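Asker: Based on the sequences and whatever the hints tell you, model everything.
For the protein sequence lines, the chains are A and B, in the order given. Residues in the first sequence are numbered consecutively from 1, following the working numbering. Residues in the second sequence are numbered consecutively from 1, following the working numbering.
In case anyone wonders, no lab produced these hints; they're calculated from the structure. Just so you know, not all the hints are guaranteed correct.
Claimed, not checked - Computed list of lysine to any residue pairs in SDA-like fashion (alpha-carbon distance at most 25 Å, straight line):
#	chain 1	residue 1	chain 2	residue 2
1	B	K393	B	G457
2	A	K191	B	D280
3	A	K191	B	T264
4	B	K275	B	G457
5	B	K246	A	Q195
6	B	K321	A	N56
7	B	K88	A	T8
8	B	K162	A	D156
9	B	K88	A	T136
It should be emphasised that the depicted structure is a prediction, and the values quoted were computed from it without experimental measurement.
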Amino acid sequence: MEKFTTHTGVGVPLRRSNVDTDQIIPAVYLKRVTRTGFEDGLFAAWRNDPGFVLNNPAYSAGSVLVAGPDFGTGSSREHAVWALQNYGFKVVLSARFADIFRGNSGKAGLVAGQLEESVVEQIWAYLESNPGAEITVDLEARTVRAGDIEATFEIDDYTRWRLLEGLDDIGITLGHEADIAAYESSRPTWKPVTQHA
Amino acid sequence: MGKTLAEKVWDEHVVRSTPGEPDLLYIDLHLIHEVTSPQAFDGLRLAGRPVRRPDLTLATEDHNVPTLDWDKPIADPVSKTQVDTLRKNAAEFGVRLHPLGDIEQGIVHVVGPQLGLTQPGMTIVCGDSHTSTHGAFGAIAFGIGTSEVEHVLATQTLPQAKPKTMAVTVNGSLPEGVTAKDLVLTLIAHTGTGGGQGYIVEYRGQAIEELSMEGRMTVCNMSIEWGAKAGMIAPDETTFAYIKDKPEAPQGADWDAAVAHWKTLVTDDDASFDKEIVLDAAEMTPFVTWGTNPGQGVPLGATVPSPDDYADPTDRIATEKALEYMGLEAGTPMREIKVDTVFVGSCTNGRIEDLRLAAQILERHHVAEGTRLLVVPGSVRVRMQAEAEGLDKVFIAAGAEWRGAGCSMCLGMNPDQLTPGERSASTSNRNFEGRQGKGGRTHLVSVPVAAATAVRGTLSSPADLVPAGV
Ligand code: SF4
Numbered sequence: 001m002e003k004f005t006t007h008t009g010v011g012v013p014l015r016r017s018n019v020d021t022d023q024i025i026p027a028v029y030l031k032r033v034t035r036t037g038f039e040d041g042l043f044a045a046w047r048n049d050p051g052f053v054l055n056n057p058a059y060s061a062g063s064v065l066v067a068g069p070d071f072g073t074g075s076s077r078e079h080a081v082w083a084l085q086n087y088g089f090k091v092v093l094s095a096r097f098a099d100i101f102r103g104n105s106g107k108a109g110l111v112a113g114q115l116e117e118s119v120v121e122q123i124w125a126y127l128e129s130n131p132g133a134e135i136t137v138d139l140e141a142r143t144v145r146a147g148d149i150e151a152t153f154e155i156d157d158y159t160r161w162r163l164l165e166g167l168d169d170i171g172i173t174l175g176h177e178a179d180i181a182a183y184e185s186s187r188p189t190w191k192p193v194t195q196h197a
Numbered sequence: 001m002g003k004t005l006a007e008k009v010w011d012e013h014v015v016r017s018t019p020g021e022p023d024l025l026y027i028d029l030h031l032i033h034e035v036t037s038p039q040a041f042d043g044l045r046l047a048g049r050p051v052r053r054p055d056l057t058l059a060t061e062d063h064n065v066p067t068l069d070w071d072k073p074i075a076d077p078v079s080k081t082q083v084d085t086l087r088k089n090a091a092e093f094g095v096r097l098h099p100l101g102d103i104e105q106g107i108v109h110v111v112g113p114q115l116g117l118t119q120p121g122m123t124i125v126c127g128d129s130h131t132s133t134h135g136a137f138g139a140i141a142f143g144i145g146t147s148e149v150e151h152v153l154a155t156q157t158l159p160q161a162k163p164k165t166m167a168v169t170v171n172g173s174l175p176e177g178v179t180a181k182d183l184v185l186t187l188i189a190h191t192g193t194g195g196g197q198g199y200i201v202e203y204r205g206q207a208i209e210e211l212s213m214e215g216r217m218t219v220c221n222m223s224i225e226w227g228a229k230a231g232m233i234a235p236d237e238t239t240f241a242y243i244k245d246k247p248e249a250p251q252g253a254d255w256d257a258a259v260a261h262w263k264t265l266v267t268d269d270d271a272s273f274d275k276e277i278v279l280d281a282a283e284m285t286p287f288v289t290w291g292t293n294p295g296q297g298v299p300l301g302a303t304v305p306s307p308d309d310y311a312d313p314t315d316r317i318a319t320e321k322a323l324e325y326m327g328l329e330a331g332t333p334m335r336e337i338k339v340d341t342v343f344v345g346s347c348t349n350g351r352i353e354d355l356r357l358a359a360q361i362l363e364r365h366h367v368a369e370g371t372r373l374l375v376v377p378g379s380v381r382v383r384m385q386a387e388a389e390g391l392d393k394v395f396i397a398a399g400a401e402w403r404g405a406g407c408s409m410c411l412g413m414n415p416d417q418l419t420p421g422e423r424s425a426s427t428s429n430r431n432f433e434g435r436q437g438k439g440g441r442t443h444l445v446s447v448p449v450a451a452a453t454a455v456r457g458t459l460s461s462p463a464d465l466v467p468a469g470v
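Answerer: Structure, rendered in structure tokens:
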């Protein structure tokens, strides 16, 4: 995974709450067996609407999505994160994220930063009166800057550390192989198995 | 101080715990399906890593498979590639797979319990948010993303921050005709879709204890719809009776040892939860959704709400958008809403008990003119059991379509989809925009409401039906 320290890019105001993963990418787009090529499915239903924010050329090169509360609810599909990344997003900011979406973002290298709802409102207003304006997201300092607005966002320490270092989770865990083996040797024998010798 | 059920099961699975880091949790069972696994196996291949415990891993084909002509090659080439990829990966990495055509094939959350692989006190994960279903047995079960699927394949563990705990106590008994589905839809309307975020929830109280295992699975299944990390129900005699003699259940002395342990998996009297919600089952009625998330629901006897009913501006806008998408007028009685398609199935309500209930209501009735009814068993075993009991004949006589097993119209990834503007009453778990097909409009309902709606063509409960055969 690439290291993430700070990012500056066009902010996209997505004035919607409860954007579920079926909105981010509908099921029919999930059939690919790679991690790439999902950008076409991103917000597929809304992309047909000329009024949709990404159809405004000022925002179409956006890389920082500023969304309403409860972003990423629903399915566990990591394709939702890949679709955002494949499109070009590096950061999503929202007042609340669904747990699985937040977890997937951290693993895949998309920064999911939690902001006060009032700050989200301010950033929306700023982005809407300055279409195409850039936002700076500093993961080290946990700050977001949009025009005169400067705010701190939340992201858990462990995820932040991994993103800053660009660390592969599996590699870290395999470093604890001895602990895993020790745990396995003490599991009760009646626990079910899917294969029988 | 005592521990909650969730804390007991969690603590039993901690491989490693260090301050400032998430706990490393051991995973007892890893379930896999075709949609969220290909990139994970690719990752293993790239890193040259094996599957650590193929014997704790089980794969099935469900999301993307056809429910018609399932004995023939899959017609959609992209779907076929995804299913073929799973078969190739399972063979290469030594994972047990129940493919289309196999007698154990079906929706992953139906297959685990029916094989007896889902047991109390386990940790169970799957690249699917409705993994919460398995919590009905007193397991900690939750959905994970594909990166985590790869992590579990490689290490049989997951780093996880310990969630908070919540109790949802449902006192009293559900009235006649009110089901587990109505209970959970009522709860979600009460909490909103984000109400459970960050919590493992334990459902308890008389109404929960009185539920069958199928009913408990319906409740736990929808835990994710109000944002909970997982939902659990303490195992009891109902649980043990369900597991006993299932193919992968412990046998003989192992059974006794297992049950002795399972009996300890209850919340201690002096344990405390971070949050508690109390509901009264006796007040519950058939409950249906009107909007585009599972929290937007009302009793069947109510009317479509108006944006003006909400003080919060975000709720008002959400209501306006939902009504527009759903093509509904505020103030319309829910019972007057005309439905084009009724879907009975999914990991929420596609088990044998659900099909029995549907058949019982449909017996000697006919599906309304202009309405179609799709009955999709959750697994091949469920389909065979239903056919052994003659339920398929009841469905077909009533004018329903009787299909093969899979997720089907729950998510419309296979050809079973709504067309734009088409309205469904669905026993599944998500009414998101476009979930069942682009532009499709979904009302989430219980099995009895689905069956009665199919007969009347408008949202209905069995109480609305004129008795058949008189
Ligand atoms: S039936 Fe629906 S909710 Fe259940 S696993 Fe399949 S797609 Fe997911």
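Asker: Going back to the hint list, which numbers does this structure go against?
Answerer: The structure conflicts with hints 2, 4, 7, 9, although it agrees with all the remaining ones.
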